[in-house]
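Visitor: Chains as they are written, first to last, in the working numbering: chain A, 5 to 128; chain B, 1272 to 1758; chain C, 231 to 641.
Hints are not guaranteed to be accurate.
With a cut-off of at most 30 Å between alpha-carbon atoms, the simulated BS3-like pairs for lysine-lysine come out as follows [to be verified]: (1) C:611 <-> A:7; (2) C:624 <-> A:39; (3) B:1751 <-> C:268; (4) C:464 <-> B:1571; (5) B:1681 <-> C:322; (6) C:614 <-> A:6; (7) B:1681 <-> A:52; (8) C:614 <-> A:7; (9) B:1755 <-> C:268; (10) C:590 <-> B:1553; (11) B:1681 <-> C:340; (12) A:52 <-> B:1571; (13) B:1571 <-> A:79; (14) B:1571 <-> C:567; (15) B:1751 <-> A:93; (16) B:1553 <-> C:460; (17) B:1755 <-> A:79; (18) B:1681 <-> C:234; (19) B:1571 <-> C:590; (20) B:1571 <-> A:114; (21) A:93 <-> C:268; (22) C:322 <-> B:1571; (23) C:624 <-> B:1571; (24) A:93 <-> B:1755; (25) B:1681 <-> C:472; (26) A:6 <-> C:464; (27) A:114 <-> B:1543; (28) C:614 <-> A:39; (29) C:472 <-> B:1571; (30) C:268 <-> B:1754; (31) C:472 <-> B:1543; (32) C:472 <-> B:1553.
The hints are simulated quantities; they were obtained by calculation from the structure and are not laboratory data. Nothing here was measured: the structure is a model prediction, and the numbers come from that model.
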Amino acid sequence: MKKVFTCIICPNGCNITAEIDGENIISILGNGCDKGMQYVKQELTVPKRTITSSVLVENGIIPLASVRITDPIPKERIPDMMTYIRSIKVAAPVEAGFVIDPNALGLETKLIVTKSVPYERKQK
Amino acid sequence: MKDVVDVVIIGGGVVGSAVARELSRYDLRICVLEKNFDVCYETSGRNTGVVHGGFAYDSGSLKAKLCVEGNRIMGDLSKELGFDFKRCGKVLVGNTEQERSSLERTMAQGERNGVQGLRIIEDEELHQMVPSVVGKFAMFSPNSGIIDPFGYTISLAENAVQNGVRYYLKHEVTSIRRNGGCWEITAGHQQFCARWVINSAGLGCKKISDMLGLCGLDLVFSKDDYIVLDNRLGSLVPMPIYTVPSNTYMGIHVTVTTDGNVLLGPTAEDRKEFENYGVEQKNIDYLVDCARALWPHFTKADFIRTYCGVLPKWVDKNGLIQDFGIEINDDFAPNAINLFGIESPGLTASIPIARTVISMMKEREHLLEKADFNPVRKKILRFSDQSPEEQESMIAQNSDYGEVICRCQKVTKAEILQAIHNPLGASSMISIKYRTRCMMGRCQGGYCQMRIAQMLQDELGINDTDLLYSNEGSNLFFGKVRKKAGQ
Amino acid sequence: MTEKHDVVIIGGGPAGLAAAVEMKKKGINDILLIEREKTLGGILRQCIHDGFGLIRFGQTLSGPEYVQRFIDEVDHLGIAVLTDSTVWTVSKDKVVTVMSPQGMRTIRAKAVVFSMGCRERTRGALAIPGERPAGVFTAGVAQSYINLHNEMIGHEVVILGSGDIGMIMARRLTLEGAHVIAVFEIQSIPSGLPRNVHQCLDDFGIPLYLSHTVTDIHGAGRLESVTVCKVDEKLHPIPETKQEWACDTLILSVGLIPENELSLDAGVTLDSCTHGASVDEFFQTDRPGFFAAGNVLHVHDLVDMVSIEAEKMADSVAEFLRDGFLPFCPLEVIVGKDIGQVVPNRVEGLHDVSFFIRSKGQQENCSIQVVQNGTVIASKKMRKMIPATMAEVKVKKSNFLDSSPLEVRIV
Chain A
5 MKKVFTCIIC PNGCNITAEI DGENIISILG NGCDKGMQYV KQELTVPKRT ITSSVLVENG
65 IIPLASVRIT DPIPKERIPD MMTYIRSIKV AAPVEAGFVI DPNALGLETK LIVTKSVPYE
125 RKQK
Chain B
1272 MKDVVDVVII GGGVVGSAVA RELSRYDLRI CVLEKNFDVC YETSGRNTGV VHGGFAYDSG
1332 SLKAKLCVEG NRIMGDLSKE LGFDFKRCGK VLVGNTEQER SSLERTMAQG ERNGVQGLRI
1392 IEDEELHQMV PSVVGKFAMF SPNSGIIDPF GYTISLAENA VQNGVRYYLK HEVTSIRRNG
1452 GCWEITAGHQ QFCARWVINS AGLGCKKISD MLGLCGLDLV FSKDDYIVLD NRLGSLVPMP
1512 IYTVPSNTYM GIHVTVTTDG NVLLGPTAED RKEFENYGVE QKNIDYLVDC ARALWPHFTK
1572 ADFIRTYCGV LPKWVDKNGL IQDFGIEIND DFAPNAINLF GIESPGLTAS IPIARTVISM
1632 MKEREHLLEK ADFNPVRKKI LRFSDQSPEE QESMIAQNSD YGEVICRCQK VTKAEILQAI
1692 HNPLGASSMI SIKYRTRCMM GRCQGGYCQM RIAQMLQDEL GINDTDLLYS NEGSNLFFGK
1752 VRKKAGQ
Chain C
231 MTEKHDVVII GGGPAGLAAA VEMKKKGIND ILLIEREKTL GGILRQCIHD GFGLIRFGQT
291 LSGPEYVQRF IDEVDHLGIA VLTDSTVWTV SKDKVVTVMS PQGMRTIRAK AVVFSMGCRE
351 RTRGALAIPG ERPAGVFTAG VAQSYINLHN EMIGHEVVIL GSGDIGMIMA RRLTLEGAHV
411 IAVFEIQSIP SGLPRNVHQC LDDFGIPLYL SHTVTDIHGA GRLESVTVCK VDEKLHPIPE
471 TKQEWACDTL ILSVGLIPEN ELSLDAGVTL DSCTHGASVD EFFQTDRPGF FAAGNVLHVH
531 DLVDMVSIEA EKMADSVAEF LRDGFLPFCP LEVIVGKDIG QVVPNRVEGL HDVSFFIRSK
591 GQQENCSIQV VQNGTVIASK KMRKMIPATM AEVKVKKSNF LDSSPLEVRI V
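Chain A on its own, in the form it takes in the complex (with noise of 0.2 Å):
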């Protein structure tokens, strides 16, 4: 059987093809580098994606600093990774690459801020 894939991995998107006999990997052609050949693998197994978002701040100049996952999760967990997510706060100042959660849901991964977001008290 054939499967037809996009890699996401670069902007590239290469069209991959991958043939399947039950659980087997027969070939995987199209890609255009041995990442592509990984994202399909692990496609055909537990597709796995990145996550970006944001967390409230508290006292910062703006009220949100984005976040995101180093590191792909099931996509089936993502909900759930949304659900961490919302309830998260941080307090200003906060700079980007700091580790809000080492290991986020278990899932070997880290959440980590991205934007740098000073300090600003405000009257309310």
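Model the placement of chains B and C on the given structure of chain A, informed by the hints.
Guide: Leaving out everything else, chains B and C in the frame of chain A:
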């Protein structure tokens, strides 16, 4: 709880606000009931922005008489009230002998109506005046002009407020009853008891007229669609360019606004009902074709936006368009002045209409003039119109003049703050747009709307979920993406 | 009082930042970088998704992380920066007028760099018929509200345009609990990268309807529905196919337009294909001493390429300041068959040059050719070309035959 007043004016558009302003010269308690969230949401803010010469109307009509008078005073009025008006003239362009005859008839009608300076100009002179137009000859009307219709309407309303008039925005009249010697009017949660009522409800004039007991008057609605072009084209249109008109339809125009945007339009289509302000594709296509024949200097890349305006036209039972209805019926509806079918040239004629209303009131009652009436209203000073020296001085005195919020139209934070704290209490996004021109440029608020939304919330204490773009239900936001505790 | 600086860079986004850093490294010290926002970073401040920096840093970073690296370098190198300052006008003789709450400044520069980026194409520019309710946003505005201002702008969302930003917003909105009903694209192929179709739409089950467009908008207060039609090969709506789609939000991702108002003030000529300045291989416009790079010159797919371009331009600015001029570029570049746009528009013919090209429409198993005097002097085979992806064709200096015009075409 009833508010007892002397005059209720129903409808705060350009005519209602002109009446309010003129009436505020007298010692009267006056209030204006406006159903929308600001004063120029309907016809007053959706037109061509032209001050007409007065030649296009039947001689002897109110339209002709009041237009000529309104045109005459517009220059002085613009200085008094602080709105933009340019007496730039207008050309009505023709190509055929039939059109020439039509223009000659129009010119004769204009002269009968008291319009000064009309003349036929030939090819060479036409192209000296308007190099970019396609046409062989034209009738030139030197006294015609262009006006900022938002600025004008708002200036009338603000001057009225300055002189003691109370404006009730978001107050739609739901019932009118005659009780003893007064009119009992319900609008929103408020009840008013007024000796006089003026119906200046524009598109709603039939609804109010019926409520007053003055039934049997018929309206049709003329739906007008327009296209707005980039103001980089403005220099190619030194004055409005019209085609040869009839007495019922002005024709396609290529007009310039006081900000230098070019307008194509309107298409005009009579409808029995007013449905909505949706611009139609067929009209956009029609405008592009017609305008190209007259002035072929634009492409689709110059489009900024489209808009729609609707005019209320009084018609008799055969569908024939009538004159302005400015009437009082002492028997059926005493002390109620009905302004019916105030379509074009209502903007130009607004103050003369108001003065006519007042003279009708004066025939029935003595009006005492106030000693402290102030006819002068200052507009929000436009930073971008000032000289560099003045700009430096303005920033030194108020650093908010140095923060540019709307890049396309060069509008500063200080001007937007003044607009937010306007005397009428209008607080929607487009209220700020109408007062400052921000969000009207080529990016259509792509850069500045986020800041303006924040400023409105911060300055007026409006919750994000209550902030409105325009009218009822036009909320921008559904809540926070990330909620703080207790949100 | 007029100040003087060697270089004024207008716009502190990725292009302006990379240019500033490179110029400083090439020995130009008197640089002033002017940014209208309160913080540097440009549009990347709100692009919180990843995919930035794969070429530049070999990592997949979010927008703010990518741009922070350049901001840190600007800091470290002590480059003078003005934030919260808007360039009001640029004169033809390189006088830059700046407004800020601190006052008005006029600066006479020896060289001016335009790096102002883009604005978005609007509903009005497309003249989409219908009413004007609240709830119609361009994708960048929606992104700014959600990512910078913490405001949720809709629940039931329709997206017009399958540009990258529209697809990125489809994913963002879905992750934040909105229901993205569909994405409609007028062309017969997506206008953004295939990887985004997959990871933003397919992953979330969001349908993409190609050859469809919005033909009417309904709602007096807030948006209530849009009318959608299929289009024919000429992209004209087919009225018989119209359907109503109930929604409360319409996101428009229908194109970016280089923001060149200041370039026009300075009398610079724009290229009709890119809508950015017409430039030579040194990224100099047709007015000596005025340069452009980044999205203000031509809309890029990858910010990594913006940084590279800005650095090349910066090298030219350094040369310009040193010598007082740059070589004349007599070889005009003509846009040939199936080419949407080419940068640069003129070359000298004495150096290796890269041409950056977008195709018109989808091309398969084709060749991009650079032709001079009827001879193909460079070509590049492409398995597939889509307008969404910029292609680079290199021409070696030895390939130039003479100073006659070059034609770039696809065969």
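Visitor: Against the structure shown, which of the earlier numbered hints fail to hold, in ascending order?
Guide: 7, 12, 13, 20, 23, 25, 26, 27
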